[in-house]
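J.: Line order of the protein sequences matches chains A and B. Quick note on this note's numbering: the first sequence kicks off at 1 and runs consecutively. Quick note on this note's numbering: the second sequence kicks off at 1 and runs consecutively.
One thing to keep in mind: the hints can contain errors.
Just some of the chain A residues that point at chain B, by a computed CB distance under 8 angstroms [said to hold, decoys possible]:
#1 PRO8
#2 LYS26
#3 SER28
#4 ASN30
#5 ASN31
#6 LEU48
#7 LEU75
#8 LYS99
#9 GLY103
#10 GLY105
Computed cross-link-like contacts, DSSO-like style, restricted to lysine-lysine with a CA-CA straight-line distance of at most 27 angstroms [claimed, not checked]:
#11 LYS99(A) with LYS14(B)
#12 LYS99(A) with LYS66(B)
#13 LYS26(A) with LYS66(B)
Pair ranges (Cβ atoms, derived) [what the hints assert, rightly or not]:
#14 HIS7(B) with ALA82(A): 19 to 29 angstroms
#15 LYS66(B) with LYS56(A): 34 to 44 angstroms
#16 GLN9(A) with GLY61(B): 20 to 30 angstroms
#17 GLN60(B) with SER39(A): 40 to 50 angstroms
#18 THR80(B) with ASN22(A): 35 to 45 angstroms
Hint data in this document are derived by calculation from the structure and do not stem from the laboratory. Glycine is no exception: its CB is placed at the ideal position from the N, C-alpha and C atoms.
Letter by letter, the chains look like this.
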Amino acid sequence: SQQGEEDPQALSIQEGENATMNCSYKTSINNLQWYRQNSGRGLVHLILIRSNEREKHSGRLRVTLDTSKKSSSLLITASRAADTASYFCATGSQGGSEKLVFGKGMKLTVNP
Amino acid sequence: GAVVSQHPSWVICKSGTSVKIECRSLDFQATTMFWYRQFPKQSLMLMATSNEGSKATYEQGVEKDKFLINHASLTLSTLTVTSAHPEDSSFYICSANSGYNSPLHFGNGTRLTVT
Numbered sequence: 001s002q003q004g005e006e007d008p009q010a011l012s013i014q015e016g017e018n019a020t021m022n023c024s025y026k027t028s029i030n031n032l033q034w035y036r037q038n039s040g041r042g043l044v045h046l047i048l049i050r051s052n053e054r055e056k057h058s059g060r061l062r063v064t065l066d067t068s069k070k071s072s073s074l075l076i077t078a079s080r081a082a083d084t085a086s087y088f089c090a091t092g093s094q095g096g097s098e099k100l101v102f103g104k105g106m107k108l109t110v111n112p
Numbered sequence: 001g002a003v004v005s006q007h008p009s010w011v012i013c014k015s016g017t018s019v020k021i022e023c024r025s026l027d028f029q030a031t032t033m034f035w036y037r038q039f040p041k042q043s044l045m046l047m048a049t050s051n052e053g054s055k056a057t058y059e060q061g062v063e064k065d066k067f068l069i070n071h072a073s074l075t076l077s078t079l080t081v082t083s084a085h086p087e088d089s090s091f092y093i094c095s096a097n098s099g100y101n102s103p104l105h106f107g108n109g110t111r112l113t114v115t
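The following block holds chain B by itself, in its conformation from the complex (with noise of 0.2 angstroms):
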């Protein structure tokens, strides 16, 4: 079945560093990435649609500055969280669709902590 590896699984950094979380697809392609960020024992907030070979779409109050997405290949999607805050902490979870009307495919998150 369609496998995404999302990388690191867990991040320690200091406020005010940059971190970049990978989302990687291992046997499908996919044009189209999902980055939602999760907080303890609440559902998924979709952050923002990364677009290979296009800039990522982001949802209402998202800081596109500060969620940085590139999306360079049909097999790898980033976000990078520049600037790190405590407010930043959170569990961030990628995801890709293996085509129209399928079900997406989720890495196992990555848990941010900014100290």
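Only chain A is shown next, with the shape it has when bound in the complex (with noise of 0.2 angstroms):
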């Protein structure tokens, strides 16, 4: 089943302009993983957020993790056409299972 839903479902900006996207989930998680994906491809992992951690960086990416409000955003800064892509919000849940749940995806469509 599905636990994270990534929120706004669909997003066009700017080339240069940072793209914000939200995930929230439902129950209580070691880490959540961020991954693009682009059309017809396989998914690319870009950062992952333990539950003790708050906020993460990586390139022109940030993820904040908000445990107590079972959320996290993804920031992707000066954004270029390249960035354009479907991104998901994944979980991995307390309990020592390695499987990952993923969230319904959003779609980024970052114009030149």
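Got two chains here, separate frames each, mind docking them using the hints?
T.: In structure tokens, the structure reads:
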């Protein structure tokens, strides 16, 4: 069953602007991960944030995690046309399972 | 970095035939691999967890006799869609975990079209 729920489900911005995507989940987690998917391709891991972390950076990506609100956000700064893709959050649950549950995804379009 | 190779990238088959999809971890050992199915513009639906040397664990609603999974080695898992029907047409993606609390590494997916 799906747990993560991305918001918004679609976002269209201009190159250079920042893009923020939100993810909410329902159960306790070990970690939360963000992935991107180009059309017709597999998923590429972007960033993993553990449940005891609140913020993480990787290049132009910034992820926050609020376990009290069961939510996370992904910020892409200074977006580029190449950032156009679908973005998914996925949660790894407590209890030792390696299984990830993916959200519905969000389609980001960056217009040149 | 960890690489997962999935083959074939696309396949067209006739209704009633079986199709095998391979998923290989190229530079790491994967005791666990995951098989997902994705419909157009939708999220990934976990089908089963493939465990090396033991039976796969299927998610609720996934027919294990329809989707046969074999994980014979630490670097290879296969998914066989048996007696395929047009409704089995979909995008199938495998992934492997290189360690606990680590990211998943995905193959590039297989587009299956059953005519």
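J.: Under the criterion that the straight-line Cα-Cα distance not exceed 27 angstroms, is the pair LYS99(A), LYS66(B) satisfied?
T.: With a Cα-Cα distance of about 22 angstroms, the restraint between LYS99(A) and LYS66(B) holds, given a limit of 27 angstroms.
J.: How about LYS26(A): closest beta carbon in chain B under 8 angstroms, or not?
T.: 15 angstroms, violated
J.: Does LEU48(A) pass the interface check with chain B, least Cβ-Cβ distance below 8 angstroms?
T.: With Cβ-Cβ at 5 angstroms, under 8 angstroms, it holds.
J.: The hint names PRO8(A) as touching chain B; please verify it with the least Cβ-Cβ distance against 8 angstroms.
T.: Hint on PRO8(A): violated, closest Cβ of chain B at ~15 angstroms, above 8 angstroms.
J.: Measuring from the C-beta of ASN31(A) to each C-beta in chain B, is the shortest one below 8 angstroms?
T.: 6 angstroms, holds
J.: If you check the beta carbons of THR80(B) and ASN22(A), does the distance land in 35 to 45 angstroms?
T.: Because 39 angstroms falls inside the window, the suggested range holds.
J.: Quick check on a hinted range of 19 to 29 angstroms for HIS7(B) and ALA82(A), using CB atoms only.
T.: Since the Cβ atoms of HIS7(B) and ALA82(A) sit about 26 angstroms apart, the hinted range of 19 to 29 angstroms holds.
J.: Regarding GLN9(A) and GLY61(B), is the given constraint of 20 to 30 angstroms on their beta-carbon distance met?
T.: Roughly 24 angstroms apart at Cβ, these two residues keep to the hinted range, so it holds.
J.: Does LEU75(A) pass the interface hint, meaning its C-beta sits closer than 8 angstroms to a C-beta of chain B?
T.: 19 angstroms, violated
J.: Given the hinted pair LYS26(A) and LYS66(B), is their Cα-Cα distance within 27 angstroms?
T.: Since the Cα atoms of LYS26(A) and LYS66(B) sit roughly 31 angstroms apart, the hinted pair is violated (cutoff 27 angstroms).
J.: State, for the Cβ atoms of GLN60(B) and SER39(A), whether the hinted interval 40 to 50 angstroms holds or is violated.
T.: 29 angstroms, violated
J.: Could you say whether the range 34 to 44 angstroms given as a hint is met by the Cβ separation of LYS66(B) and LYS56(A)?
T.: 40 angstroms, holds
Of the numbered hints given earlier, the model fails hints 1, 2, 3, 7, 11, 13 and 17; all others are met.
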